[in-house]
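Chains as they are written, first to last, in my numbering: chain W, 1 to 924; chain L, 1 to 419.
A few of these clues could be false.
Claimed, not checked - Which chain L residues stay away from chain W? Per the calculated CB distances, all over 10 Å, these:
no., residue
1, Met1
2, Asn152
3, Leu368
4, Gln404
What the hints assert, rightly or not - In the DSBU-like style, the derived pairs of lysine-lysine whose C-alpha atoms are separated by at most 35 Å in a straight line are:
no., chain 1, residue 1, chain 2, residue 2
5, L, Lys143, W, Lys139
6, W, Lys139, L, Lys371
7, L, Lys301, L, Lys330
8, L, Lys371, L, Lys25
9, L, Lys316, L, Lys300
10, L, Lys182, W, Lys139
11, L, Lys182, L, Lys25
12, W, Lys139, L, Lys70
Honestly, the hints are just simulated from the structure, not real lab data. Heads up, the beta-carbon is just placed ideally off N, CA and C, and yes, glycines get one too.
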Amino acid sequence: MTSNLLGISVTGLRVAQSNLSITGHNIANASVEGYSRQAVNSITNPATLKGGGYVGNGVNVASIERITNGFVTEQLRVDTSLFNDLEAYNENIDQLDRLLSDPSTGLSSGLESFFSSMQNGADDPTSIPSRQLIISESKNLADKFNTIFARLDVINDGVDNFISSAVSQINSLVNNVAQLNQRISDAIGAGGGSQPNDLLDQRDEAIRNLSQLVAVQSYEQGFGQVNVVMNSGQNLVVGTEARTISLVTSDQDARKLDVVFENGDSNIVITDQISGGELGGLLRFQNSIMDQTYNELGRIAIVMADTFNEIHTQGINLDNEFGRNFFYDVNDGLVSRNRVVGNSNNSTPNDRIISLNIENSAEIGADDYEVAVESGGLFRITNLTSGEEVLTSVLTGVLPQRVEFDGLELVFEGGTFRAGDSFKLLPTRSGARDFSSEILNASSIAFGSPLVTDASIGNIGSGSINQGELLALDDTDGNPLPLFATSGQMSPPLVVQFTSENTYEILDNSNPGNPVSLVPPIRNQRYIVGSDNLLFSTDQGETLVQSNGDLVGLPAGRTPVTGGGALINGYPAEAITITQTFDTPGVAPITNTVFSAINATARETASLLNNVSGVTATAFTYAEITDTASLSRTTPLQISLNGEDLIEYEYDALSASFIVSSTVPDPSVSEDDFNDYLADRINSNAALSARGIFALAAVDPISGISELRITAPEGDDLQITLEADAGGPSTLNVSDGSNPVVTLTGAGAGNTSAIAVGGEIDIRLSDNVTLGTFPPNSLLFGDTSSPTFALSTYLGIQASIQGVPSIGDTFTLGFNNDAASDNRNALAMSDLQNRTTINGGTTSYSDSYSSLVETVGIETASSRSNKEASERVLDEITRLRDSISSVNLDEEASNLIRYEQMFSANAQVISVARDLFDRLINSF
Amino acid sequence: MRISSTQIFNIANNSIADANQALIKTQEQLSTGRRVLTPSDDPVATTKILSITRELSDVEQYQRNIDTAKNNLVLEETLLDGVTNVILRMQELAIQAGNTATLSENEYISLANEVDARLDELTNLVNSQNSNGDYIFGGYKSKEAPFSGNINSGFRYDGDEGQKFIKVARNTTVAASDSGKKIFVDIDSAQNTFNTAASVSNRAVPPAIISIGNVIDQDAYDEFYPEDIIITFNEDSNIVPAGKNFTARERSTGRVISADQVYSPGTEIQLEGISFRIGGNPTSGIPGTPGDQFFVQSTKKQDILTTVARFSEAMKSYDGSNDSRDSISKIVAATIANISNAQTSVLETVSTLGARYNTLDSTEALHLDTKLVSQELLSLLRDVNYSEAATKLSAQSLVLEAAQAAFIRVSRLTLFSQL
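Just chain W, same shape as in the assembly:
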């Protein structure tokens, strides 16, 4: 009986002791992260049947369990991953946000002060100090670009460091979990199924720590072990086995790191699949906003350098030389090659040279691309941001091969390209690093325009010419245009000469004493009073076809028509085919065929041609009358032009007949006077003037022979008829100015000798328009296969004339020497500040920068609020976990008292048992 009571009290003591020690354990671990409070589960011992009933046998410790909730633990991990992802992202983007907006590091202030200095320079173009200021401000601007780039690199390197430390932490935690798995299953085995609470806590805490770094999930595997798997599906822990992830240099881009999952011999790149945790946030930051910032900033640098250089190199400096590059050359060989990164898995030998040029900076985007070579030399270029394929083509095997896309030009320069080779194209990545100011001294800043125009002081009309502008120095293929190809001069200088009130020609003025035709000529141009008359073609691809055929004008072999009859120009009927092609692939060319009628005037054929889109045809006819000295100033002398009689007759009372008017000079005395008379008659004839026909009496500059020059500016045939004495050798010669003369001979009264001179046609063909004829060797236009058949008319300059010029007025265009005060190019450079040059011509430099700042700002703000939200969620779940599992010291204190009392009570029972025992002993 006593022993039973003693036994029962001892069990109570034991349970009280257990409870006390667990309470102590709880108090001692109150501040340990991840510790779950423990509690003792006691159960009553089975009772013993004794006589009247079951007598209890005290109490026993059934188990010690930790108070925890699996769902909450799992949720805590998820929220931890999310929060740490957002926090890592936010911490880094915050740096970007400050960097881009800081007045001392941001680009805005640099752009502002640079353009201010440029305007100062334009205000006072001869001032050396203000030019010096431009140089120092341009260096400051370059510093800004470079500094931002360097700071971006610092941030990026910092992120790289974080990533590598995260990866090593992950590996050590993963090991930790695997070891704990081992120990836990051992402990469970040794404890006969008892849960090793403290080890379980440690493992939960290790997995929680892991979820701070990367999102993971865990599941029970049996024997108390858990497996840990990444969201991307890779098992990090399988039972007691730990797997490793590591960082390697990316195959695609040696400047980047890839996270790989080590899977035996083969490594799997999982960079793109990693999500959550610090690692997920860092990778997301690096591959989204960081790349975007590098690229956008680089694009501003590239476009600025390119557009500035373009304008600066079109200006002239104080030394009368064209400006050199103001900023770095965006297509410098090394810079272009550095834009292409070869995949490290490309086939050997690694002898490929490939470069990426900026073809049209306005069109470039801020995206990266990939070129992949496939079998058969097929290659594809893919935009890595949008995933779109931008170009598919085939390697011809002929190097260098060039392809253009999105404002860029990819050049396969050399080496062997094999299937499977791939290259990453980073068009703008390093733009901000490469940006530099190339201007060395003040006088080499090109403020002036190379073109200067002048209205001759002798002009009688009120025409004026504008200052003119340079459009381009190079043709579409990048070859220098001849006009400014020679330093310090314009080759040739040009003169605009008005041949009548409404026609002009533009001539080579190298020798002002004898301006000569340009090749191809600019002649018979229409002048329209009341509008700005642009002098030159602005179409870079425009060509001119002249009527160089054998039957044009008044060719050798044509004979006069005597005694009346049809006057024809002898032009053949031909088929003229005009083909317009399009740059856009897949668009079929448009072909138009025009048939010139037999004997059609140049005017008629030109009119037909003008109906075709892309064609501007102008026709004119030129004829000369010479050698009139043999004509006698007597009846029946008559010379007519297009049916209009030129020799006046008057009634003579003496002979009661019409005789040659006394106002007609005698050609045998002075051909010049006779020609003057004919010219006056033609110029004052209403019918001829109605067709624009005019004449000038002059002397041939080479032979010195007097001549009457007749022009029909619309290309009408010029029909010249002579009626003269048959007796003497009464003749005159007609020519078209280049072919041999045709002689008209007097054949007596009523018998005429006549000839028709045909006109020429100048056909201007727009870019991508070509002209062919049937037969191919045209009698109108010459050999269509000749290399000089269609010549470019693009000179790269433009100027306009306004007002009312008079015949004979001249305007010159020449090289702008010693123009120290010319600030036209400086103004053009200043204007770049607000010109929309970026992103397909939609934003300016500073707008582009602002939008970058805004993008980063918005991203920062949203990541901050996301982070804060996830922090609240994490706080909530942490609170819930703490509320369930964490130790409350007050609770433990009360437990302490409770179990102390229980202990005392049980001790008291022992003492009662002893008393009972003593009493029994003493009774004997």
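Since chain W is already given, all that's left is putting chain L on it; use the hints.
Frame of chain W, contents of chain L only:
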């Protein structure tokens, strides 16, 4: 709900940290005076702030440009005032000189002396330089004096038609200079006259020169006008004995005016009522290639210096004869007309200067308005509202103090202290 001891401390930590953070932010806003400290504080406002800041900086630069333009215009106007004064005096002198009935040779000489002195003054005025040493009436060619010559040789304009523009607003430029050609050369003349020039393709080294020349027989020249003359040096063998010789032709028709004239350097050449001299050793022609060429370009315009110089010349050559009295009357009449044309030209320029000045003033006023509005907007977007921020600051410090006090209270409540 069960509360653990960790929770009590965590709650206190978090709330104190939050309160601290908010307080620091407000403090930073107050001490910098800016509401938006980083773009993320208000990304949309940031873009506006950047563009307004840029606009303000632009406007400030435009104001500086306007100042520069105004300085240029004021200087030009001052000089043109000086020119006008000379012109007015010249008009008086010309009217005085028209008094052919009473003036003696000596009086003409003294008149001519004053005209010469005024001509010097005028020459200095039209060749004025600015503080950079640029000739302000030379167009773009501002490094060389634009007007060369003297009373004997006549005058020539070597500048160009260039005009400097200054940017005073985003899409507005204002002319800040005028070429001497426009003001002083491009002046309608009462008589037909001419300019001379050597061809740029001449090959002689040193280049042969042609003098400015003058009209000696106005009637003969008027008949020839408006033709130009080209003088071409021929092959030496054209004359016997062989030597340098030239042919003069009409430019438009190529007709010969005077063939194969023997050339001796510096002798006067007279053609169609005008005279000029060619000096130096022009290159002779060779078969197929003409020699050096010189141009006589007819014009109905005469620069103001030549007008004055011709007036002076005429008075100096007065010899009291009836012929010279007639000739001086004609010259005086022409001079009065030309000077008045010159005056018109100068006054026209002065009035355009005034117009430009007005444009500058109104543009400046517009800039000032823009600046004011922009600054207000900028402050609205960027600057902190002090009263609001101060209130916020005290509220936030109250929160912080409360959090701290509450924590101290709560943390004292522990059962262990009772054991």
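Tell me, which hint numbers fail for this structure?
1, 10, 11
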